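Protein chains: 2
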Amino acid sequence: MRKIFGQVGRLKPECIEEYRRLHEVDVYTPRWAGVLSMIRDCNMQNYSIFIEDDVVFGYFEYTGSDYEADMAKMAADPTTQEWWSHTRPCFTKYKPDSKENFYTDMQQIFYFQ
Amino acid sequence: MRKIFGQVGRLKPECIEEYRRLHEVDVYTPRWAGVLSMIRDCNMQNYSIFIEDDVVFGYFEYTGSDYEADMAKMAADPTTQEWWSHTRPCFTKYKPDSKENFYTDMQQIFYFQ
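Residue numbers (our numbering), protein chains in the order written: chain A, 1 to 113; chain B, 1001 to 1113.
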């Protein structure tokens, strides 16, 4: 299968620069190589993150057969957990009534190959 | 070349349903076939639009060699102009001080193939 995900989130204003640095620089360094390999191992590919002020948008394509199981596998990885201990505190609720305090799945309304 | 674009926009609340219908249903009908073929002719591919309440996010990959020229070509297409006469009035400014009243390019801060 191939399922396309679009996710939106909002950063705390004081954390925007840190979130950018983590994704533009730090994640490609050897310390976090396990984060990238776990993304691949969990069947996520063509992964982009975009930013406009405090709003971040994540796009990726999932090519596995069990998304829940792959997300659980990722969540159990110690390096990813350490990465998230840096990235997740950068987020605030996307909207005041959001349940999630991280990325929220958006609904795809158009696709053209 | 292959350049990845992420774009964000905001819909007028009273136009959300219309914008969804245009992209979930209408655009795939014969009337608008020229819109889709123009997207292809202008070297845009893997195009998705996502929505969360009034916020829309567009993602596509540009594979041509002259983005400005391809966008000018698209803007000169009569069918696309008619399509935009339906879709563009659905938008309001993303932020009160936005210059654009349509999709605004976001900055890509992360990529992993």
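If you are wondering where the hints come from, they were derived from the structure by calculation, not from laboratory data. One should not assume that every hint holds.
[As the list claims (entries may be wrong)] Simulated DEER-style distance windows between Cβ atoms:
#1 B/Thr1092 <-> A/Thr79: 38 to 44 Å
#2 A/Glu17 <-> B/Gln1113: 23 to 29 Å
#3 B/Ser1065 <-> A/Val25: 27 to 33 Å
#4 B/Val1025 <-> A/Asp53: 19 to 25 Å
#5 B/Gly1034 <-> A/Gln81: 32 to 38 Å
#6 A/Thr29 <-> B/Lys1099: 22 to 28 Å
#7 B/Lys1099 <-> A/Glu17: 22 to 28 Å
#8 B/Glu1061 <-> A/Met71: 24 to 30 Å
#9 A/Gln107 <-> B/Ala1033: 20 to 26 Å
#10 B/Glu1017 <-> A/Lys95: 43 to 49 Å
#11 B/Ala1076 <-> A/Thr92: 42 to 48 Å
#12 B/Pro1013 <-> A/Asp53: 18 to 24 Å
A quick note: this is a predicted structure, and the numbers were derived from the prediction, not measured. For every residue, glycine included, the Cβ atom is placed at its ideal position computed from N, Cα and C.
task: List, from low to high, the hint numbers that the structure doesn't satisfy.
output: 4, 5, 6, 10
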